[in-house]
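Engineer: Top to bottom, those sequences are chains A and B.
First residue of the first sequence? That's 1 in UniProt numbering, and the numbers climb one at a time after it.
First residue of the second sequence? That's 1 in UniProt numbering, and the numbers climb one at a time after it.
If you're looking for bench data, these hints aren't it; they were derived computationally from the structure.
Each hint can be trusted.
Here are the simulated lysine-lysine pairs, BS3-like style, with alpha carbons at most 30 Å apart:
hint, chain 1, residue 1, chain 2, residue 2
1, A, 78, B, 173
2, A, 120, A, 78
3, B, 67, A, 78
4, A, 78, B, 80
Note that the structure is predicted; figures quoted are calculated from it, not measured.
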Amino acid sequence: MIVCVAVVGHQNNPLYIQSFTEADDALKLHHIVHCSLDVVDERVNNPKKSGPTLNETFLGLLYPTENYKVYGYLTNTKVKFILVTTDLDVRDADVRNFFRRFHAAYVDAVSNPFHVPGKKITSRTFAERVSTIVKSFGLSSAG
Amino acid sequence: MGREVSESCVDSLLTEMVSSYCDRFYANKPDLAARRIEAIGFQVGLQLSERYTMERPRFSDHLEAIKFICKDFWSELFKKQIDNLKTNHRGTFVLQDNRFRWLARMSVDPSPENGDLSQDNPPAENKAAQATSMHLYFPCGIIRGALSNLGIPCAVTADISNLPACSFVVRIKA
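Here chain A stands alone, though its shape is the one from the complex:
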């Protein structure tokens, strides 16, 4: 289950952050997202892996914690997408697919002429679309 997703701008400014848990642990999740930003920077500045993974938008598993796995994605425009999930057995393809759809939703949201670039995304349509994507995450593998 996905517990938190976030969009972070190129100056590490939060553009959108949403948790999907019943419990009151939003602060903890925000903290996890915050920590992951350093890992993203590290990955981008010291690309260890060579070959096809170089400069790919999908950054893979950023770091595992006891209860969560954190995945990252960095666009060409230096916008970061962060995904926090409780699933221990996650398929890479599912995560890639999630980020692709998430990215598409983001692009549509910022293409709104009333959206101010660099400001938080307040669009309700975007929020709804994201929660749909979150709900459908991993369904293909379960079914």
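Please build the complex by placing chain B on the supplied structure of chain A, with the hints as guidance.
Structural biologist: For chain B alone, coordinates are given in the frame of chain A:
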């Protein structure tokens, strides 16, 4: 599947936008009008670059980003690539389009306003150049917006010394 936009509508919108800003909103302040038009282009470029870079790996250097503008970005906008790219390898790039679509159908109203034909030729030509250059702030803004969004702050100017070819000069800020 990509969505399509009527080309003539875009042409008309661009012309109308320029004439609104130049003749109505900022009639006596051409500099301000130019800045506003460029700002609109900037936001459009920002959003377009976000969309068109979606399915590709990140660019590793400036040249790659400029090449993207010349090839894929220009193809999406104008259904053709930039015809000629020149650079001095020190942060200046010249992008030349031999038949820039947004200027291809441009002409200036030939009816002289004061009726004095004998002395009208040089000013009319001058006026034409001025009107044409006003229409170029928008594409300049688009290029600047796209590159800025890709992490390359720059200044873009246009050169129309040999119409209908049009050159965009990109100066990357160090």
